[in-house]
Amino acid sequence: MEYRQHQLDNGLTILAECNPRAYMSAFGFFVKAGSCDETPSIGGVSHFLEHMVYKGTPNRSAEQVNLELDEMGCSSNANARTSEESTIYHAAVLPEFQSQMIHLMSDLMRPSLREVDFETEKKVIIEEIMMYQDQPPYGGHEQIMANFFGEHPLGQSVLGTVDTVSGLSPHQMREYFDSRYSPGNIAFAAAGDVDFEQMVVDLERICGDWQPVEVGRVARRADYHTGFDSLHQPSSQQQYLLQLSPGPSAESPDRYAARVATTILGDDSGSRMYWDFLDPGVAESAGAGSYEYLNNGLVMTYICCSPEMAQENLARLKKLQDQFLDHGITQKELDLAKRKIASHIVLSSERTERRMFSVGAQWLINQPFKQVSEIAEIYDSITLAQVNDVIRKHPPQVNTTLVIGPQADLQPVP
Amino acid sequence: MTVEQEIIQSHQFENGLVLIGQSMPWLESAAFSFQVPAGCRYDPVDQIGVANFVCEMVQRGAGEMDSRQYIERLEQLGVDYSSSASVYGTHYSGASCSAQLHDALTVFADVLRRPHFPAEQMEDGRQVCYQEIAAIADDLPQRTLIELRNRYYGQTDGRDCHGSATSVASIQLDDLQNFYQQNYRPNGMILGVAGKIDWPLLKDHVASLFADWHARPEVIPEASPAEHGTCHLPFDSQQTHIAIAYPGVCYSDPDYYRQAGSVSVLSGGMSSRLFTEVREKRGLCYSVFASNHSVLDRGCVVCYCGTSAERAQESLDVILQQLVNLKLGITADELRRLKVQVRSDLIMQQESCRARAGSLTGDWFHFGRVRTLDECNSRISSLTVEEINRFLQEHPPRQFDLVTLGPHPLEINNDGISSTPTG
Chain C
170 MEYRQHQLDN GLTILAECNP RAYMSAFGFF VKAGSCDETP SIGGVSHFLE
220 HMVYKGTPNR SAEQVNLELD EMGCSSNANA RTSEESTIYH AAVLPEFQSQ
270 MIHLMSDLMR PSLREVDFET EKKVIIEEIM MYQDQPPYGG HEQIMANFFG
320 EHPLGQSVLG TVDTVSGLSP HQMREYFDSR YSPGNIAFAA AGDVDFEQMV
370 VDLERICGDW QPVEVGRVAR RADYHTGFDS LHQPSSQQQY LLQLSPGPSA
420 ESPDRYAARV ATTILGDDSG SRMYWDFLDP GVAESAGAGS YEYLNNGLVM
470 TYICCSPEMA QENLARLKKL QDQFLDHGIT QKELDLAKRK IASHIVLSSE
520 RTERRMFSVG AQWLINQPFK QVSEIAEIYD SITLAQVNDV IRKHPPQVNT
570 TLVIGPQADL QPVP
Chain W
539 MTVEQEIIQS HQFENGLVLI GQSMPWLESA AFSFQVPAGC RYDPVDQIGV
589 ANFVCEMVQR GAGEMDSRQY IERLEQLGVD YSSSASVYGT HYSGASCSAQ
639 LHDALTVFAD VLRRPHFPAE QMEDGRQVCY QEIAAIADDL PQRTLIELRN
689 RYYGQTDGRD CHGSATSVAS IQLDDLQNFY QQNYRPNGMI LGVAGKIDWP
739 LLKDHVASLF ADWHARPEVI PEASPAEHGT CHLPFDSQQT HIAIAYPGVC
789 YSDPDYYRQA GSVSVLSGGM SSRLFTEVRE KRGLCYSVFA SNHSVLDRGC
839 VVCYCGTSAE RAQESLDVIL QQLVNLKLGI TADELRRLKV QVRSDLIMQQ
889 ESCRARAGSL TGDWFHFGRV RTLDECNSRI SSLTVEEINR FLQEHPPRQF
939 DLVTLGPHPL EINNDGISST PTG
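Chains C and W, in that order, are what the protein sequence lines are. FYI, in the working numbering the residues of the first sequence are 170 to 583. FYI, in the working numbering the residues of the second sequence are 539 to 961.
Isolated chain C, as found in the complex:
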């Protein structure tokens, strides 16, 4: 396993974890462009642009793009995702398709954004928004992010709303594209059986003439908002409880200990929430996870339960969090969590696509690359004191809560 990197003169970063024993090659363009880079009037443009990238370039029609992706057999392994701080275009293919895939993906990064495609795809995006409105937690995720982050850009919805997306023009998207898709703001990450020298040659040839522009991003620290809010969803059978509390940011060395703490608190098996909520059957699902952003971080707690049990579960959660803060974790809990994380690291390290995401994700948060073994060592070295310290620094009781479902009169727990 060899880590390689290179930067083109225009600023495009090329990264690869080369593993000649892998069966696949995985590639991704990682762009520092997401909903937090949008002004409210263009809400959803990053995600809409992600769709439009597949609609063709001066060299290819939308149909040709789809055909070429299928010609390389990656229908189930080529996709894209947009989040608050990034947009990622990725594909996993047999190594023989490396050059062909790099040519296609690189070309896609300079899309035509044709008006006729724009109007058709707008309908697809609106369908996607409506699909999520029908799905638990019924827009609750967007709502609680807005409640928690307030005016901070992280509070803006990734998908946008039917109104903002309907109002977008190709011109606005082009302006946004020009401001964010500068080569210095993009990395090409690869993993698996890849020929690094050839990759650099190909990328130089296709992307070398992309003109750089000055790209700014100020990831300021958010002023978190706490509180309690309710979203009435009478057609829902279950009640959904969401809660956000602050956590370490993507750059913080505390993030590893925080992930151990979250595993102990809210992993889907064997955690404190598992024993309090899932084992007795008072909830259908219950858990907590850490999410890190530039300069900001959060822990999201999630419970799905019957409406009649929701009020009781809010109290149960509060009690559990109080104990977590007051008494911290035990050595036994720490040992089990570390075992679980170590095993997870081994299993995911065997998947080429996961390695590519790890390479690119580390670049997105401006961190020097760490190998799997280095990350495993960090987790292994975490002490009881570190975890308890991080819990005290980021107490779960400081939070904003949102309840969604048929119960309209739930009350916060004092």
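It should be emphasised that the hints constitute simulated quantities derived from the structure, not laboratory data. Fair warning: there could be bad hints in the mix.
Here are the simulated lysine-lysine pairs, DSS-like style, with alpha carbons at most 27 Å apart [stated by the list, open to error]:
| hint | chain 1 | residue 1 | chain 2 | residue 2 |
| --- | --- | --- | --- | --- |
| 1 | W | 819 | C | 291 |
| 2 | W | 877 | W | 819 |
| 3 | C | 562 | C | 501 |
| 4 | C | 562 | C | 487 |
| 5 | C | 487 | C | 507 |
| 6 | W | 819 | C | 292 |
| 7 | C | 507 | C | 539 |
| 8 | C | 488 | C | 562 |
| 9 | W | 734 | C | 507 |
Use these hints to put chain W onto chain C, whose structure you have.
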């Protein structure tokens, strides 16, 4: 094709248990997949949900472990595990570093053979079952597809293993124990193991865990008739959820690869017909797909689309037109793309012991043997346009069953759609 030499070994113990192992020495991990012949098709008709309830209860204490010790043991071993009941079987699977494989199997031998069924945890377990039923009710695509399968195959083979709140409420501890006694047995049980394994040691270990378990006869459930036609589930949602089924063949049918080829042309990639016509050209939906669905002796093709209520009829009409048009045949280009796709997917399976363990067990259940990746690839590579088109001539998509969930019902005219060469 870059497929490592596939060393797949199998052994049937005297009591009927089948063990299949595939060595993947390039991995550090190993995975296992148990299928116990205790699916919900064996649920008594007034107790639908009992297989799922038993699956929950056997993990609440077994052998020397109480329920907490069971979970802690799996955590100590770093086993990422899951369990679920389906129509034919109840599945227990997991993956871990290979050094922990044998200990993980030992834990599941207790679960499968020596569960406690603690009476004091019965109501907690029942609550878990209620919660699962309510969560499915909020999953509208899932609800629509469950209704479709239920109608298409009829009760027994088409049922959803969760049952209803009423049926789950009626289940007593005795019922769970009776179901367990009858259906948890070595004959009919399959254990697939893949990853970094040592076959002789694995076989000995599995023998020590299961060889002295006595076989019991299978009790064949009675099938109930299917219901065909159209069904609408009124619901106040933004989108209408559309599920369509048409008759197909089952996995073990010699025609299966031909049908799968045709379904792949419908839904196998970004250039596939449904994606192109419904989403790309018309922007009618975000999600549309078709897939093969099979029980042991019958099969069908299932299509799903979620689309805003006012455009739902148009979406349905466009989908049906594409289904009917399949009869006109597929093209050489479409088949070529399908072949690359299959080759790529099969090679990728070599990265995942979990995927392979699941395939070993699934193949044995449907075919009574394991297909190697190389064999699957050869079969697909040898497919011709002519044989797929002949199959489509002989089995043109027709007799569409429809289930919709949303604000308004949709119309389908099973006799009035004729195939037209334009999309």
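Results for each hint:
1. 819(W) <-> 291(C): holds, 12 Å
2. 877(W) <-> 819(W): holds, 25 Å
3. 562(C) <-> 501(C): Within the cut-off at roughly 22 Å; holds.
4. 562(C) <-> 487(C): holds, 18 Å
5. 487(C) <-> 507(C): Given that 27 Å is the threshold and the Cα spacing comes to 25 Å, the pair holds.
6. 819(W) <-> 292(C): Distance ~11 Å between residue 819(W) and residue 292(C) Cα, so the pair holds.
7. 507(C) <-> 539(C): Roughly 18 Å separates the two Cα atoms, so the pair holds.
8. 488(C) <-> 562(C): holds, 19 Å
9. 734(W) <-> 507(C): Since the Cα atoms of residue 734(W) and residue 507(C) sit roughly 22 Å apart, the hinted pair holds (cutoff 27 Å).
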